[in-house]
Every structure is written in C-alpha cells, then in structure tokens.
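Colleague: Single-letter residue listing:
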Amino acid sequence: MDLMQATYARWLDIATRIGFAVSLVAFLLYVSGAIEPLVPLEQLPQLWNLPASRFVALTGEPTGWGWLALLAKSDFLNLGAVALFGVVTLVCYARIVPLLFAAGERPQAYIALAQVVVLAAAAAGFFTGGR
Amino acid sequence: MEAAATIPWWVWPIALATVGFLIGVVAVLAGIGGGVLFVPIVGSFFPFHLDFVRGAGLLFALAGTLAAGPQLLRSGMASLRLVMPLGLAGSICSVAGAIVGLGMNADLLQALLGVLVIAIAFVIWLTRSAEVGIVDPDALARMLKLEGRFTDPAAGTRIDWKTHRTLAGFAAFGAIGFLGGVFGLGAGFANVPALNLLMAAPLKVAVGSSALIISIINSSAAWVYIHRGAVLPLLVVPSILGVMLGSRLGARLLETVPAKQVRWLVIVVMLVAGFRALLRGTGLWI
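First to last, the protein sequences are chains S and E. Here our numbering is used: position 117 in the first sequence is 117, and no number is missing along the way. To convert a position in the second sequence, counted from 1, into our numbering, add 1000.
None of these hints come from the bench; they were simulated from the model. Treat the numbers as computed from the prediction; the structure is a model and nothing was measured. One or more of the hints may lead you astray.
[What the hints assert, rightly or not] Among the chain E residues that face chain S by a calculated CB cut under 8 angstroms, a handful are:
id : residue
1  : Asp1051
2  : Leu1062
3  : Leu1073
4  : Val1095
5  : Leu1108
6  : Leu1126
7  : Ile1134
8  : Ala1139
9  : Arg1142
10 : Thr1166
11 : Leu1167
12 : Ser1220
13 : Val1272
14 : Phe1275
Even glycine gets a Cβ: it sits at the ideal position worked out from N, Cα and C.
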C-alpha cells in the first residue's frame, strides 16, 4: 500500500470514528430529552410525512447554514453530527493533496485538488444557495 | 399510513437502526452501497416523506462506505488511485441530480424509484463478473496510473491489474452520480459492473473501490439535502449508526464470504421493495 492510500485510510478511520462517537452522544442527548429540541419528538409523527419544503415552513427550521445558530437545540446538534460525515472525505482529500504534489504525481494531485474544491463548494451551499 | 402516526415515535429509530445494521452487512458483501436497499425499503414500508428518505439514503450510504473504507483500503481491495478521477466525475453530477430530485413530484419520484430498483435487481441478476486478466491501458489510464496489485487471501493469489476505457468510465460514473443524487441511492449496483466489466478492474477491487466511490459521490450530494432542510436527524442518525456497525462487520466478512448467496438475497429484497415503491407511487397501494 502506497503512502497516499495509507494516509487516506488512517485519516478516514480517525474521522469516521469521531463522527460515529459524536453522532452517538448527540443522538442519546436528543432521544433522552436531556437537551430540548426545536421540534418536539412527539410532534414529529405528524410532520415527517410532509415534503421537506412544507416541513421547513411549518416548523420554522432554517435552511442553508442557518442551523449552526441552533446547535444548542438537540435536533440541530444531531444535524451537526450528521454534517460531520459530509466533511470527512473533504478532510481526507485535503490531507493527501500535499503528499501527491511532494511525490511529483501532478495529474492525481490536481484531481484531488479539484475534488476538494467541489466538496467545499457543495458544503458551502454554492450549488443550493446555502448561507 | 395513518395507522403509523399512532405508533410511538421511539419505535421508528429502533426499527431504523436494525434495518440499517442488516443492510450494512449485506450491502458491503454485495458491493452495492446501502442506499439502493435503504431508500426503497424505508420509502415503501416506513411513514416518512420521500424527501427525508432520500436525504437519509445518501447519508446512510455515505456513512456505511466511510466506515468500510479504511479496511478496504488497507487490504488493497479499494484503490484510491482508481477511485479519485471517477469519484470526481460522479460527485459533480450527483449535485446536479440532487437538485433535480428535490424539485420533482414525490409520487412520480416514488414510481420511478420503483421502476429503477426493479430494473437494478434484474441488472444484478443478469450481470456476470469478468476476470479479464491484464488489459492494455489507454493513454489516460497510463497517465493517471490506474493500476495496482491485489492479494486475494480467499484464493491465495496475487493479481497485478490495469484498467482501460477511461473516458467511458468517466461518462458511466457521471451518469451513476446523477441518478444517485436524484434518488438518494448509493449506486454501487452500477459501480461494480462499470469498474469490472467496462474498465476491467478485478471483481474484488471493483467491489472495494465501489464503496469508496460512493463515499465521495454522496459527500457532495448530501450537502444539497442538508441545505434544503431534507435531513431529519431522528431518521438519519439511528440508520447511520446501524449501517456503520453493519458495514464494519461486512468489510471483515468480505474477504471470506462467497458473494453469490448474498447477491440472491439482495435481488429478492430489491424486487419486493421496488414493486412496493411502484405501487405506492402510482397510488395502487398507499
């Protein structure tokens, strides 16, 4: 296994374990009622059969990055934990870009860099008007 | 579905975690990405709107393949060198697919999902793997060094492999990424034949690399669903905790378990879930 693949595997392993642990803790806080959610759990069965746009309109949930301001609410703390999984690949790619340049593997390095840009743009909401 | 609203909320996370765990084991063994099982099963038999199911499906497949990734990379079953250019094509198209999917009518989407899942079941049934040996790589494959060496512990053999038809591979993974974004699927059903039959990667490398490609493609599309409010943590978190545990077990079993029996199980489950989605989408069985 070459250095690039070994490094990616190591970072992927660590990041995924962190994501798993954070998700588990956040979920236990959510379902135990230890932290209050924005939308009470008991109300969800009446709402989760609605389209996302209607759900957002009825509950007043923010879209884009607006949920960051609500991390003190347990449902958005969980959304934050879920969002961690969305950045794992970005972090792993960002780690191997310098390794590829250092190894003189320029085509692969530029591909990895392009992937970092695409993932960062998606996370930033560039394609969906996120804020 | 009215009866489902009377069931206490806490029943659903337990059911989702159980389904997630079982899908996690089976999906890695079959190389299909959990979303292709999760979305039709949960979309057809659980009370959630398809928007939330598709958002959860993408994150579900993402978490499962992220969890399996380290083991697959260390064993050499996944090749990052092979995955990187194909994942880039797929992830760009998956964002477009996710935007299109969130703008579509839910019933139409459910019916199309049913048709797609039934079609995928037949594709999996009819697809035969190919161990094609060393092929002559094209210029692009040579430039990107799409080659490697894989030791198969089950067969006790060491395989040097190269790939070809790189441009066709880019096109295939662009289309796969788009469909994955629209329907919230992992799309591993198409990754494995594209890598194995089209590009001539060895079957086990195709299965392992397929999982890693899903983790890259779905990372982009998942953000579209997150930003549009189509991610419901109570649905997503138990599902992904279940699939992550199941996928780690599946990745460990992958080197030793014969894939044939798993494949038949997947085909039957997909046919049942696909017909249910079709009937629900067309209004014949709500």
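Colleague: May I ask you to test the interface hint for E/Thr1166 with respect to chain S, counting a Cβ-Cβ separation under 8 angstroms as satisfied?
Modeller: Not OK, violated: E/Thr1166 not within 8 angstroms of chain S, min 12 angstroms.
Colleague: Does the CB of E/Phe1275 sit less than 8 angstroms away from some CB of chain S?
Modeller: This hint is violated: E/Phe1275 lies away from chain S, its Cβ roughly 21 angstroms from the closest one there, beyond 8 angstroms.
Colleague: Would the stated hint for E/Val1095 survive a check requiring a Cβ distance to chain S of less than 8 angstroms?
Modeller: holds (5 angstroms)
Colleague: Could you check if E/Val1272 really has its C-beta closer than 8 angstroms to a C-beta on chain S?
Modeller: violated (22 angstroms)
Colleague: Have a go at the E/Ser1220 hint: is there a Cβ in chain S nearer than 8 angstroms to its own Cβ?
Modeller: Constraint on E/Ser1220 satisfied, holds at 4 angstroms.
Colleague: Given E/Asp1051 was flagged as interface, is its beta-carbon under 8 angstroms from a beta-carbon of chain S?
Modeller: holds (4 angstroms)
Colleague: Is the shortest C-beta separation between E/Arg1142 and chain S less than 8 angstroms?
Modeller: Hint violated; E/Arg1142 Cβ to chain S Cβ min 10 angstroms, cut 8 angstroms.
Colleague: Would you check whether E/Leu1108 satisfies its interface hint, that is, whether its CB is within less than 8 angstroms of any CB in chain S?
Modeller: Hint on E/Leu1108: violated, closest Cβ of chain S at ~13 angstroms, above 8 angstroms.
Colleague: Using the nearest Cβ pair, does E/Ala1139 come within less than 8 angstroms of chain S?
Modeller: violated (12 angstroms)
Colleague: For the restraint on E/Ile1134, tell me whether the closest CB of chain S is nearer than 8 angstroms.
Modeller: Where the cut-off is 8 angstroms and the nearest Cβ of chain S is about 20 angstroms from E/Ile1134, the hint is violated.
Colleague: With 8 angstroms as the cut and Cβ atoms as the points, is E/Leu1167 at the interface with chain S?
Modeller: Not OK, violated: E/Leu1167 not within 8 angstroms of chain S, min 15 angstroms.
Colleague: Is the interface hint satisfied for E/Leu1062? The criterion is a beta-carbon contact with chain S at less than 8 angstroms.
Modeller: Given a least distance of 6 angstroms, the restraint on E/Leu1062 holds.
Checked against the numbered hints above, the structure breaks hints 5, 6, 7, 8, 9, 10, 11, 13, 14 and satisfies the rest.
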